[in-house]
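Chains as they are written, first to last, in my numbering: chain A, 2 to 328; chain B, 2 to 328.
What the hints contain is simulated information worked out from the structure, not anything from laboratory work.
Take these hints with a grain of salt, some might be off.
[To be verified] DSS-like mimics (lysine-lysine), calculated; alpha carbons at most 27 Å apart, straight line:
#	chain 1	residue 1	chain 2	residue 2
1	B	Lys87	A	Lys111
2	A	Lys87	B	Lys245
3	A	Lys87	B	Lys111
No experiment lies behind these values; they were computed from the predicted model shown.
Next come the chains, spelled out residue by residue.
There are 2 protein chains.
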Amino acid sequence: MHLSPKALVTGGAGFLGSHLCRRLLADGYDVTALDNLFTGTKANIADLLDHPRFSFVLHDVTQPFWGQYDEIYNLACPASPIHYQKNPVETTKSSVLGILNVLDLALKTKARVLHTSTSEVYGDPLVHPQVETYWGNVNTIGVRSCYDEGKRVAETLCADYRRAYGVDVRMVRIFNTYGPNMHPKDGRVISNFIMQALGNHDITLFGDGSQTRSFQYCDDLIEAFRRYMSLDRATVDAFFARHKLGAAVINTGNPGEYTIRELAEETLRQLPESTSKMVYAPMPQDDPKRRKPDIALAKELLGWEPKIPLREGLAKTIDYFRKMSGK
Amino acid sequence: MHLSPKALVTGGAGFLGSHLCRRLLADGYDVTALDNLFTGTKANIADLLDHPRFSFVLHDVTQPFWGQYDEIYNLACPASPIHYQKNPVETTKSSVLGILNVLDLALKTKARVLHTSTSEVYGDPLVHPQVETYWGNVNTIGVRSCYDEGKRVAETLCADYRRAYGVDVRMVRIFNTYGPNMHPKDGRVISNFIMQALGNHDITLFGDGSQTRSFQYCDDLIEAFRRYMSLDRATVDAFFARHKLGAAVINTGNPGEYTIRELAEETLRQLPESTSKMVYAPMPQDDPKRRKPDIALAKELLGWEPKIPLREGLAKTIDYFRKMSGK
């Protein structure tokens, strides 16, 4: 009898989690998606529920869970400011208690772990573009801290479970990512702009719109996840030892830089029927001004770089939002 | 019947905790000391065990606990690199799960909380002296991160329990503090130097000994704790609102700067019988080069500043270590 490899995806009904589940099923895995449905939705995985190799478990990562998996992908955590500031304490708990539960499970079962960290660990960076050795510039007591600091200490726990207990945990620091299944009201810039343009509402730019962002299409990121997890441990260990990094952590993002204004313009270009105009609003507290990944490590380790241009990814995303909102 | 006010001190058998328990008893409190005795010792509180208003509870802060207290002082966490690097995962847990348990208890019982943070949240600071608004420069994945990042996210949780749930939690960022009851083998510079000098072993200076530290005598710090906790909430809230800080956090330390070499010299001056010599060793990984508190906020809020000069505090500390080691 041939057994499929087994994967657990925490946050499996979320934006990225749902894409990852689909990809793992395509790759032959037996997939369990664990989600508390705080920001994830059943709609994101509706087409998977009947799949013979897919299971959905309604559960909160802050509570322990059990299962024998070959690979655990830890994606559970509200990731957009609107969501994570709604209940800041729960946000921090989902990062910290979530990774503790994942790492404890991995320690007992020898599962390999991919932990998704974030470019937010760099905060409002003083180094540009951001390299993995940059320590970041983060406020411990601001309104974004629940996410930023929760994610920072989750990295620390990953590094220490690896160093002290030998858990095979690999980390990615994810920069802005977009695509179908994003939450339409998560307040992130791409979903905001598309929803505003589709609804013929004005497109709101914070500050003067000259702050830049890098935009990574979701499929590019999922490809990086899969390549990273398919490497054997010795290769990963040797790579990070050679680069003198204290943990197995790489940036994943699209280094192509666009200003927020360029993004608004491209969105309107792809929605010529929209009557939206661009308007300006003050910058929110602690909003980072500029962020761009250095992806040299990911290129070298994974032979990977983003392939999908903004124009193409945006078209797919607009298509998704158009169908979802019935336009 | 007159009831004494009740205080809980987590880490109550530790260096600072034991001094605080003694002070609270002198101030008329009914005191419960909670400690797992990982770095704390019963010897530190031996003289208190018979006191009618003192109780010792052997318990780990990472596990929930219950009790009705007016004030909770959260001091539990291994604080010296030698101790906190011994089991880095437990160090982070004692910070994060410890403060979660304290804050949850305070939320249910309306206790006032003093959380002890640390100058380590500033990491290897790029701003000098350090002000409370400085965000710090900390590595998330280094060997010190278990302490630094655990303490950073504990601050975040304090800020969010205060903002979101109204818990009356006040924070101090403690800079280097010394005095009797320090652990003789905690690897911190003052205890190291005294123990080396008492044993006629060479005094080890890392780097060239020109890095500076501020040294605060324990009694000065305990005085700051008590003044801070005796302020009514409206005063505290108004003060931090006026200073536009996201949480009630102040530095407490002695801004007098000494080089490590000066400290070694003063130690040897006070121990003329010692035959120790000063020797030099390489700087350990991520060791901060320079740290000095700006204590303007503490001065303004508490009318407080350190009173005990290094010479005097060092004499008391040497006296303690001398007795303890039977010399």
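Status of the hints after comparison with the structure:
no., hint, verdict
1, B/Lys87 with A/Lys111, "holds, 23 Å"
2, A/Lys87 with B/Lys245, "holds, 22 Å"
3, A/Lys87 with B/Lys111, "holds, 23 Å"
Every hint from the earlier list agrees with this structure, and none is contradicted.
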